Every structure is written in C-alpha cells, then in structure tokens.
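Visitor: Here's the letter readout for the chains.
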Amino acid sequence: MILEARHLAVSIGPHQVCHELDLALSAGERLAILGKNGAGKSTLLATLAGLRPADSGEVRVDGQTYTDLGLRAAARTRGWLSQDRNDPFASTVLEAVLTGRHPHLSRWSWESPSDARIARAALADMDLADLEQREVQTLSGGERQRVAIAALLAQQTRLCLLDEPLAHLDLNHQIATLELLSQRARHDGVACAMVLHDPNFALRFCDRALLLFGDGTHLAGPVADVLDEASLTRLYGHPMRRVATTDFVLPVFVAE
Amino acid sequence: MPSRRRALLVLLALMALAAASLGLALAVGSVALDFSDELSRQVLFDLRLPRALAAFACGGLLALAGALMQVLLRNPLADPYVLGVSGGASVGALLAMLLGLPLLLVNSGAFAGALAAMLLVFGLAHGDGSWTQTRLLLTGVVVAAGCGAVVALILTLAPEQKIQGMLFWLMGDLSQAGQAINPFMLLGVLAAALVVALPFARELNLLARGFDAALALGVAVPLLRRVIYIVASLATAVAVTTAGSIGFVGLIVPHLVRLAVGNDQRLLLPASVLAGGSLLVLADTLARTVAAPVQLPVGVLTALIGVPVFLYLLGRR
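Keeping their order, the protein sequence lines are chains D and G. According to the working numbering, the first sequence holds residues 1 to 256 in order. According to the working numbering, the second sequence holds residues 257 to 573 in order.
Treat each hint with caution, since some may be false.
[What the hints assert, rightly or not] Derived coverage of chain D by chain G (criterion: at least 3 residues anywhere in the stretch with Cβ under 8 Å from a Cβ of chain G; other residues may be distant): (1) 10 to 21; (2) 43 to 57; (3) 81 to 91; (4) 245 to 256.
[What the hints assert, rightly or not] Some residues of chain D that are not near chain G, with every Cβ distance over 10 Å (derived): (5) A124; (6) Q155; (7) R158; (8) H173; (9) R184; (10) F201; (11) A220; (12) D225; (13) D228; (14) H238.
Worth flagging that the hints you see were computed from the coordinates, not collected in a lab. If you're wondering where the values come from, they're calculated on a predicted model, not measured in any experiment. Where a beta carbon is used, it is the ideal one built from N, C-alpha and C, also for glycine.
Chain D with its partners taken away, still in its complex shape:
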C-alpha cells in the first residue's frame, strides 16, 4: 500500500472537510477527488501529502507516517503539485524543472548531467522540449502548469498528489497529461491522487473516486460504483444526467 489514510478527520476552521475517511492506494492506482469549490479537496490533498496536520486519524506512506519518514525521504516518495503558480523571481524553464531533483541531491552537490537528462525527459513528456531556456515568467498559464507537472515528474516519486493538474490546460494537453499519468501508473506503478473537475475524466482515467460533499460526508469507491446520476447531482448541487453512447464504451455525464 503506497498511501493509506485511516479514520482521517480534516477541517478548515469551523468547516469539516471529512471525518472517518479510510483510503488506500496501491501501486499503479489512480484516485480522482471530486467536489464543489470550497469543499476542501486541496486541504485534504495537502493533508495526504503531509503538509498540514489532520484533526485526527493518520496518513501512512509506504507504511510509515510522515513523521517517521522525515521530510527528505518523504520528498523522494511522494510528489505534490500545488495549485499556486506564482514565481516572484525569474528563472528558466529548465531550472524550474530541476527543482524536482532537490530531494535526490546531497547538500553540497549540484545538478549532474543525469539530473539534466531526467529534467529534459520530463520536459519532453510535457511537450515543452523547445522551451527549456525560456523564462518561466514569459510563459502562458497553461505552459507554466505543464512546467510544474514536469518538475513533479522529474522528482520521480512513486506517489503523486496533484491539485488540479488540468488547470489552464487546453483540451489536447488535458488528455495528454491524463494519458501520461495513466501510462506512468501502468508501467512504473506510480500511484496518483488528483483533484479533478470533470467526472468523465475521472471515469475514463481513474480507478477510484472520492467525492467530498462539502458537509463533512464523503463517498469513496471504484469509479463505476460511485459515479452515478444521484451522487453527482448531490455533489455539484446541479442535476446531472448519464448518457449512454453507442460509439464510446463509457457513459458520459452531462450537466442539465
């Protein structure tokens, strides 16, 4: 089990995000976290990443708590993509992606050619190979998002926690990113938990889904079981309809 949460309770101020949440993610599994704005998806993800404490319950990575693991070992095991894209200082795209190598370097060592190879491969995976010398601050929002995902890939962790990985991406890059994560899951056994806003992507690219209803309750399970008209209608507070399609294996959910 790469990621395990037991009896987890998380809150932001007076607002309860979840309680008695049990979650287990093994190698190669992908989890979609869905919910309305403000339901606490990012807060839960940060808790799962060990960046903020839970009210109660525990999170284990590779069977160890974050305290036992230590910051550095944790950073070699789980990567976290933040929602925040704000760089007050200039740097090149390559430098930004090389930050992902930090936990693999000792205090006095500098990035080696092999670190650069890993970073360049991550850039190529995110369709950014031509931009490595560009200043990050001159990029578009979607390009910056891909730089951040490339840095996460360069970190080479077995667990990836992604807060809205598709934000600012065009449709082509949304699919490409999700396919890349699926491929990493299949080939390298990388486990992913990601905050998504499209239940159809969750259905197509994830094994399991966690629905945060915003009132402290949640629903978790295999995507085929938990994603249905009733649960999604309740989740988004808007009527959702399941449409069966003839030329597509999966059903499609549309907002009425």
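Based on these hints, arrange chain G on the given structure of chain D.
Guide: Leaving out everything else, chain G in the frame of chain D:
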C-alpha cells in the same frame, strides 16, 4: 543549467573586482602616498585600510541581508531595512547622540535598537504561530514607520549643533567606520553570515518559489525561515551599527547580480557579498575624494551610482 564551474568563474571575476576596488581605495586620497614616509604609512594602515575593509564588510553584509530578505518575503522589493532593523538602530543611535554619549555608546545604542526592533517584529509577526510572509512584512513595515516617527521627533527636539551629525548618521557614513569597530571583526561577521547561509542556498531557491512547494520537496521551511530571518537581521544590525543606514546597496546589489548571473542562490549569495562590498568601497572612495576636503555621505553616493546602473540593466533586458 546551473553549474559549479560557471559559479566559480563568476566569483573569481568578482574577487578581482573586490581586490581592485580595495586597491583603489588605498591608493586614492588627499595625501599622496610615499612609502619612505612615516605619515604616509600611518594614513595607509591606520586610516584608509581600516575604512576600506569596514566599507567592504558593510557592503557585503547589506547585500547578503537584502538577498536573504527578498527570498524570506518572496518579494523582489524587500531590502535589509524593510523589517525595521535600521529604524530601530536609528532610534538607538540618535537617542545616544541626543544624550551626548561618546561614539562607542552611539554604536551600542544603534545595535541595541536594531536588536530590539528585530525581536519586536519577530515576536509580533510570530504571534499566532502562522508567521505568513504578509504578516511579517506588514509588522516590519509598521515597526519601521513607528521608528521613523521617533527619529523625526528626536530631530525636531535635538539642539542645532547635533543635527548635522545625526543627519550624517541617518544617510550612512563610513568616516568613523574603521575606528570604533575593528574591521577584521566585521569581516569575520560577514564570513560567519555567509557560512551559515550558504549550506541552505539550494533550499532557498525552493523557498523563493513557494513555501508549501519547498516543504513538499523536503525543505524544513519553518526552521529555515527562522534561520534566514536571524542571519539577515543580525547582518543588517552589524552593518547599520558600523555605518548608519546606507541605502540601496541591500536592494540593488542582489538585483544587479540576479540580472547578470541569474537567481541561483548558490551563486547569488556569495556574488552579492563580493559585489556589495566592492560597490560600497568604490562609493566610499568617491565620497571622500570627489568634493575633498568635504566628505559626502556615502549613502547618497551608493544611490547615485546604483540607480542609473540598475535602470540600465533593467532596460537592457
């Protein structure tokens, strides 16, 4: 891509600049040097050398503190004085001057004031344990503003014959710098500050990009921020105690270096120290020679040199 070799080359070039600036400071002045002459040797070793070394140390300390503050506050506009350290020092120094205390006690007053401001800002900003950069910045700015008001009050109340000295102190002045405080001690403080900060340089690169992202990459963010705050504040306190509030070095030197060599703290921190030291030595040499025998306040010259150079580099990009 950052490389150690390039960093070493840049630092060697800056060391040459530092050596050249110190050589110039020793060679230039109102007395032409003649080594057979006892007076010349005295001028060189008792006046110019301590003053040049003190100027180098102060410039280096301010540039280092500025570079660290910019990362700590994730704000390119931060400088060593933004969190009120120099305001506190000014209040302490001017109070000592108002009371007519000797130079040593003026320096002690400045240092005590700087430490008091530092502890006050740290305590207040830390209040609820959150210690966000906005809260830290706001607390520092408000404490600095309060100190500014006290300084204005002291200037209003001070007798006329003391005001000239006070204004010189406020604008930054190195004429007493090498005398009251041993310049080798200042260089020692500079080296110590650099030795404490440098091992964290790669972690500072991450801190500048975001605190949570740095934490997720394995940086002990709360501890690192405390260390950086203390190092930057103490460096500023020592510099201000020695030479008053010399402006612009701490803000502009890190930016000059950043524009020239990039934002990798492993290179930026030592390069800022060398560039800041060299700039202040040059500025001080100008300050005591341009209008000799009148000595100009060096803080005015750092601004007069720094601003056009900075604007040129900014426009070039």
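Visitor: Are there at least three residues in the stretch 10 to 21 of chain D whose beta carbon sits under 8 Å from a beta carbon of chain G?
Guide: violated (count 0)
Visitor: Going by Cβ atoms, does R184/D stay more than 10 Å from chain G at every point?
Guide: holds (18 Å)
Visitor: A124/D clear of chain G by more than 10 Å, beta carbon to beta carbon?
Guide: Non-interface label stands for A124/D: nearest chain G Cβ at 16 Å, farther than 10 Å.
Visitor: Would you assess whether Q155/D, listed as outside the interface, keeps its beta-carbon beyond 10 Å of every beta-carbon in chain G?
Guide: The claim breaks: Q155/D does not keep its Cβ more than 10 Å from every Cβ of chain G (closest is about 7 Å).
Visitor: So is R158/D really clear of chain G, every C-beta pair being over 10 Å apart?
Guide: The assertion about R158/D holds, with a minimum of 15 Å to chain G.
Visitor: The output says H238/D does not contact chain G. Does that hold with a beta carbon cutoff of 10 Å?
Guide: holds (31 Å)
Visitor: Beyond 10 Å from every chain G Cβ: check whether that's true for A220/D.
Guide: holds (24 Å)
Visitor: Find the nearest Cβ of chain G to the Cβ of F201/D and say whether that gap is larger than 10 Å.
Guide: holds (24 Å)
Visitor: How does the coverage statement for the stretch 43 to 57 of chain D fare against chain G, requiring three or more residues with Cβ below 8 Å from a Cβ of that chain?
Guide: Holds: 3 residues of the stretch 43 to 57 of chain D have a Cβ under 8 Å from chain G.
Visitor: With a cut-off of 8 Å between beta carbons, are at least three residues of the stretch 245 to 256 of chain D near chain G?
Guide: Coverage by chain G is violated here, the residue count being 0 at a Cβ distance below 8 Å.
Visitor: Please check whether the stretch 81 to 91 of chain D has three or more residues whose CB lies within less than 8 Å of a CB on chain G.
Guide: holds (count 8)
Visitor: Per the stated criterion, does the least C-beta distance between D225/D and chain G lie above 10 Å, as a non-interface residue requires?
Guide: Holds, since 31 Å exceeds 10 Å.
Violated hints, listed in ascending order, are 1, 4, 6; each of the other numbered hints is respected by the structure.
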